[in-house]
Amino acid sequence: MRMVLQRKPRRRQQPRATNLIVAALAAVAGITIPAPAQEISSAPLVGGSKTGIYQSFLPRAGNRIFIEPLVGKDADIDNQVNFVPYYQWVGKGRDEAVPLSIEKRITSRFSVEAATQLDGPPAESAGAWTDTGWGLQGKYLFGLSAKREIMASAIVKGDAPAGPPLSSQNPWALNEYLVFNKGFGDLPQEWLRPLALQSDIGTESPFADAPDGRFLRTDLVLEYSLAYLNDIVGAPVPPEWRQMTPAVEWRNRDDWAQEGDGGFLSWELNWQAKTWQLSLAYQNPYGAAVSGFAGTQVQLYLTLYYDNLLQKLGFNPTPY
1 MRMVLQRKPR RRQQPRATNL IVAALAAVAG ITIPAPAQEI SSAPLVGGSK TGIYQSFLPR
61 AGNRIFIEPL VGKDADIDNQ VNFVPYYQWV GKGRDEAVPL SIEKRITSRF SVEAATQLDG
121 PPAESAGAWT DTGWGLQGKY LFGLSAKREI MASAIVKGDA PAGPPLSSQN PWALNEYLVF
181 NKGFGDLPQE WLRPLALQSD IGTESPFADA PDGRFLRTDL VLEYSLAYLN DIVGAPVPPE
241 WRQMTPAVEW RNRDDWAQEG DGGFLSWELN WQAKTWQLSL AYQNPYGAAV SGFAGTQVQL
301 YLTLYYDNLL QKLGFNPTPY
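In this text, residue positions in the sequence shown follow my numbering: the first is 1, and each later residue adds one.
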């Protein structure tokens with residue numbers, strides 16, 4: 001007698017309500033939610049690149065590689081070190097500071113970042129540099145559309161003071177942000193395709209013993225990539241300009257307690273390569289009481305992509 005073994009049909013797992021809600025929102029926005037086992041590849045594109053940035057571990061949405069913004073939050077998941085010395089003029093005086101941060105990609109969709117800031121002595125003073133605080137953040141990339149050049153992430157960041165907790169510059173705080181990036185490579189006009197927009201909105205919530213109130217923070221970045229214009233659109237750009245991305249950034253902070261707002265505009269030139277990004281910015285404040293600084297500011301911003309640096313030194317790192 002021949003026996004036929006029949007496989008018992010597996011019971012189909014019902015999707016959770018939260019997964020259905022997220023999937024519905026993503027469908028409206030045209031964003032692809034990666035499955036848990038699916039990794040978002042940051043491997044180089046096939047076919048070469050005239051500037052070289054596409055032959056790297058730099059994350060992207062389709063053909064779009066966004067710059068590392070000076071003001072706003074970035075949505076991508078990366079391995080990088082940020083070094084941001086700046087000089088600020090207040091009347092006839094000046095202030096100096098050096099924020100530092102390092103981001104580590106844990107998976108293709110999640111990274112952690114540690115940050116601190118060193119403040120220089122007051123103007124015309126011989127004092128020492130001081131550490132004003134520490135920050136730790138987690139970032140989760142929940143949406144990616146290669147066709148529409150979209151990235152969307154959620155960020156939670158905690159800040160701890162290194163000095164007196166009552167200092168208005170470095171209170172204990174818990175901050176939450178939603179970040180949305182969109183490249184315009186799907187526009188019919190070729191000369192507009194290098195444009196991209198980065199944005200974030202979030203709350204900055206100092207704990208009860210801080211002198212400042214709760215802030216609603218909004219950032220916008222408008223950028224124009226000459227590398228995209230040369231490599232993807234195919235318009236010839238002189239070699240000395242191909243790595244440049246002009247950008248303008250805007251930040252606004254609304255103090256819910258004092259019913260006031262303030263912020264600044266940041267005018268920038270960015271140079272982006274496989275292993276680094278160098279940015280120079282001139283920033284003009286408004287509503288200085290809550291903008292975070294009281295004077296015109298010049299920033300020099302250096303980002304190092306250390307997985308690409310390791311590869312250039314002869315190592316063979318993985319994207320993580």
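These aren't lab readings, by the way, just hints derived from the structure by calculation. Be aware that one or more of the hints could be misleading.
Claimed, not checked - Quick list of in silico lysine-lysine cross-link-like pairs, BS3-like style, CA-CA up to 25 Å:
id, residue 1, residue 2
1, K50, K312
2, K104, K274
3, K50, K104
4, K157, K312
5, K147, K312
The structure presented is a predicted model; accordingly, all values stated were derived computationally and were not measured.
Results for each hint:
1. At roughly 18 Å between alpha-carbon atoms, K50 and K312 fall within 25 Å of each other, so this suggested pair holds.
2. A C-alpha spacing of about 17 Å is found between K104 and K274, which places the hinted pair at or below 25 Å, so the restraint holds.
3. Proximity of K50 to K104 is assessed by CA-CA distance (about 28 Å); at most 25 Å being required, the pair is judged violated.
4. Under the criterion of a C-alpha separation no larger than 25 Å, the hint pairing K157 with K312 is inconsistent with the structure, at around 32 Å.
5. Restraint check for K147 and K312: the C-alpha separation of about 30 Å exceeds 25 Å, so the hint is violated.
In summary, the numbered hints that this structure violates are 3, 4, 5.
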